[in-house]
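Protein chains: 2
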Amino acid sequence: MNAALPGSHLSPRLEPRAVPPALLEALKLRFGGQFSQAAAVREQHGRDESAFSVPPPDAVVFAQSTQDVSDAVQLAAQFKVPVIPFGVGSSLEGHLLAVQGGISLDVSRMNQVLAINAEDLTVTVQPGVTRTQLNAAVKSTGLFFPIDPGADATLGGMTATRASGTNAVRFGTMRENVLALEVVTASGEVIRTGTRAKKSSAGYDLTRLMVGSEGTLGIMTEITVKLYPLPEAVMAAIVSFDSLADAVNTTIQIIQMGVPIARCELLDATTVRIVNTYAKLNLREGAMLLMEFHGSPAGVQEQVEMVQALADENHGHAFEWAKTPEERTRLWTARHNAYFAGVQSVPGCKAITTDACVPISRLAEALLVSVEEAQASGIPYFMVGHVGDGNFHMGYLIDPSNAQERDTAEALNHKLVARALALGGTCTGEHGVGLHKMGFLVDETGAGAVAMMRAIKNALDPDNILNPGKIFALS
Amino acid sequence: MNAALPGSHLSPRLEPRAVPPALLEALKLRFGGQFSQAAAVREQHGRDESAFSVPPPDAVVFAQSTQDVSDAVQLAAQFKVPVIPFGVGSSLEGHLLAVQGGISLDVSRMNQVLAINAEDLTVTVQPGVTRTQLNAAVKSTGLFFPIDPGADATLGGMTATRASGTNAVRFGTMRENVLALEVVTASGEVIRTGTRAKKSSAGYDLTRLMVGSEGTLGIMTEITVKLYPLPEAVMAAIVSFDSLADAVNTTIQIIQMGVPIARCELLDATTVRIVNTYAKLNLREGAMLLMEFHGSPAGVQEQVEMVQALADENHGHAFEWAKTPEERTRLWTARHNAYFAGVQSVPGCKAITTDACVPISRLAEALLVSVEEAQASGIPYFMVGHVGDGNFHMGYLIDPSNAQERDTAEALNHKLVARALALGGTCTGEHGVGLHKMGFLVDETGAGAVAMMRAIKNALDPDNILNPGKIFALS
Chain A
1 MNAALPGSHL SPRLEPRAVP PALLEALKLR FGGQFSQAAA VREQHGRDES AFSVPPPDAV
61 VFAQSTQDVS DAVQLAAQFK VPVIPFGVGS SLEGHLLAVQ GGISLDVSRM NQVLAINAED
121 LTVTVQPGVT RTQLNAAVKS TGLFFPIDPG ADATLGGMTA TRASGTNAVR FGTMRENVLA
181 LEVVTASGEV IRTGTRAKKS SAGYDLTRLM VGSEGTLGIM TEITVKLYPL PEAVMAAIVS
241 FDSLADAVNT TIQIIQMGVP IARCELLDAT TVRIVNTYAK LNLREGAMLL MEFHGSPAGV
301 QEQVEMVQAL ADENHGHAFE WAKTPEERTR LWTARHNAYF AGVQSVPGCK AITTDACVPI
361 SRLAEALLVS VEEAQASGIP YFMVGHVGDG NFHMGYLIDP SNAQERDTAE ALNHKLVARA
421 LALGGTCTGE HGVGLHKMGF LVDETGAGAV AMMRAIKNAL DPDNILNPGK IFALS
Chain B
1 MNAALPGSHL SPRLEPRAVP PALLEALKLR FGGQFSQAAA VREQHGRDES AFSVPPPDAV
61 VFAQSTQDVS DAVQLAAQFK VPVIPFGVGS SLEGHLLAVQ GGISLDVSRM NQVLAINAED
121 LTVTVQPGVT RTQLNAAVKS TGLFFPIDPG ADATLGGMTA TRASGTNAVR FGTMRENVLA
181 LEVVTASGEV IRTGTRAKKS SAGYDLTRLM VGSEGTLGIM TEITVKLYPL PEAVMAAIVS
241 FDSLADAVNT TIQIIQMGVP IARCELLDAT TVRIVNTYAK LNLREGAMLL MEFHGSPAGV
301 QEQVEMVQAL ADENHGHAFE WAKTPEERTR LWTARHNAYF AGVQSVPGCK AITTDACVPI
361 SRLAEALLVS VEEAQASGIP YFMVGHVGDG NFHMGYLIDP SNAQERDTAE ALNHKLVARA
421 LALGGTCTGE HGVGLHKMGF LVDETGAGAV AMMRAIKNAL DPDNILNPGK IFALS
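Same order as they appear, the protein sequences are chains A and B. Reading the first sequence from the start, the letters are residues 1 to 475 in this note's numbering. Reading the second sequence from the start, the letters are residues 1 to 475 in this note's numbering.
The hints are simulated quantities; they were obtained by calculation from the structure and are not laboratory data. Don't take each hint at face value.
[Stated by the list, open to error] Listed next, the in silico DMTMM-like pairs over lysine to aspartate or glutamate satisfying Cα-Cα at most 20 Å (straight line):
no.	chain 1	residue 1	chain 2	residue 2
1	A	Lys280	A	Glu232
2	B	Lys226	A	Glu176
3	A	Lys139	A	Glu232
4	A	Lys139	A	Glu119
5	B	Lys80	B	Asp461
6	A	Lys226	B	Glu176
Using the sequences provided together with the hints, build the complete structure.
Quick look at the structure:
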């Protein structure tokens, strides 16, 4: 056992379990070419976008069906060996890392769009479908799926982490948008939760218990989500501010006024500079709000006028418009790539990312000091925010081999989270707990609530085989 | 043990447990005047709006604080005696009935609005606050709370049943609107779930596990919900149709077009007649859509024009407007009283209510045949629907002493639910499972999902003291 406690946030607790050769033989027999112990394959399934480095899983199974998932889990259960679901590996918090060894269950080949029910505004997909694939598949219906984390994540991963993105301010997160699931339980049983009805009071909300459970309570094999009509009119605008505080205060006022803004994103001046370099753009290098408005032409115009007035009051520069779909795509692609732009801005670095979310009125208090602290630390950073939701990310760009930088970054992260919690917020708005925030979860919700989570985990996965060692320690 | 199985929907399974005199003494000592064994008090806490009749609880505790709830639960836990939370008794599904005896824990005196955070659009209340009390308390802030079941239910009861109402088509249900909870667990411990941040990925979604758990997993002692800015403009309209099918099809098209309608309610001609009599109104006695539009003046006008065009295409009569706040209140009060109007239309009757909800495209199939079957049965009925959500209610008005009428009504209910499930819907859109839908829950979600619910219940309430015998049978 590693000496570091999970609460230390510094190094994950490694508790590798023996993987009996008989299990590997049985998996090989059942899965043939869908089974691999090759070092390269294991390595690829043993890392994500987090700054952690731990030994890879013992083997990888490439599932192609619910039956594959069920069979793999049943075999793993028989030998009490961990199973870690894997999509595209875009987790930021170490969700995918095999801290107790075991089998990585890659569902990326389960990438069928199973049923588009346009007349009900729902779609059912397999977990390996990515968000861009989904939107391409439904495009001809005039509908779209709004949840858009930075990476082109799978719907399985997005469901498992309760993901959101730039549209959440208007459309909610995976919490609000998943209607029904098919789930393989820890015993390999296949169950269904929810229906395609828009609402239900039929017993415990197992759907939402699974959403955000990070692979620890079940493995999702079918996901039904809501779709929305493409808006009649869309306008995207950039407004630049000389002061970060002015940009934040504009955001707070937009939300408090109830403007139904579809996207409201913030980058500070440092991050605009990084994005300009990466995406070869010429954005004005001040604090910047990127906004999008949806509705009827008249409705969009009303929203724009309200927001322009608020930005003016807060000393914003003139609005710049992305009028064509191509300009909008370029702008939002740049925003989505801000994480990668940040990481590429410091060769060889790893990003330690934060993900606090606070009640909207406390956003200035939470955000401004955090940026000042990052600047004062001397560690390169970037800052992007889904600020309409009160959610923002710092990325501290550290040399992973430099323990002092890592400590400094973790200390910044600690201060930022402590501040967010003191302001009534959460340590993670959308990335999940994974390995990185296990201590923060206890700080945030209290030992009693974590004990309740642990009791649920014990009840549904008594041998602790589903992505063990994540969210909370069992002992 | 009663011979009738819960799946029979006909009579609840009674399994009274012995309540030791020592517990009653201890409660009396601790709670003094807040404790009662008086027959009238017990009777009042032993019934709800359902058609079931079972013996009342053994005693009633009137909690005035979280500490009271915790102490009462701790004492009950010590003696393994059931505790049933009670608000205003407006459950329609037998949630409050003491089928295993025990203590009714009345939280109606916990009726403080604890914190109005207008700048964050949130409010924190005790569970005994009712929806009209809440809206009165926040009125001066320019905000409102949209969830409005027919009765003036408590926020505790609404959270416990995952309630919705007429505004859910625009604002969602309690599922979407509860942000955070304080909960007393089965051991009497006080825990907190969620924060006031708008979104979070911090571990299992215990908030949403509690929402809709019908008092079986914990007793809510503080509830934080979202508020919304009062719309700049509101217009309410009635449109009457000669054919019920035309009214339903208009609704389906409104939703499929993505009109952001705030309310979209249906009454059939029979129910309009009942409401006219009860509320002394002169509504045209055809199938009727009651609608409300929120937004800017221009936005409301756009919505109205789209809906008028759709209604015209479906042979709707001319729109009638409720223009003043007083006219709107009169109209919506009449709608909210439809249940009571129905019950009063047949002296001495009890209503057996249904609550199916289906994907919007299947609403006509689900609803029209159900109304025809009710008409053919000869049993008086009423029909109201939150049709914008695909949710509708039949109330079969039976003589509770007439076994044949009850059987006929339950048979109608069975057919209606089976049809909704076959169409991809749910047996309960907003009322909850309670005693009445335990069999339907299994039909809907399958034995595997119910087994998962049972495992969670066993883990969080191992002695089965929190509102036992509801949602599912433990054995």
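Okay, the hints, checked on the actual structure:
1. Lys280/A / Glu232/A: 31 Å, violated
2. Lys226/B / Glu176/A: Roughly 14 Å separates the two Cα atoms, so the pair holds.
3. Lys139/A / Glu232/A: Judged against 20 Å, a Cα distance of about 14 Å means the pair holds.
4. Lys139/A / Glu119/A: With Cα atoms ~14 Å apart, Lys139/A and Glu119/A stay inside 20 Å; holds.
5. Lys80/B / Asp461/B: Distance of about 10 Å is within 20 Å: holds.
6. Lys226/A / Glu176/B: 14 Å, holds
The structure is inconsistent with hint 1 alone, although it conforms to all the rest.
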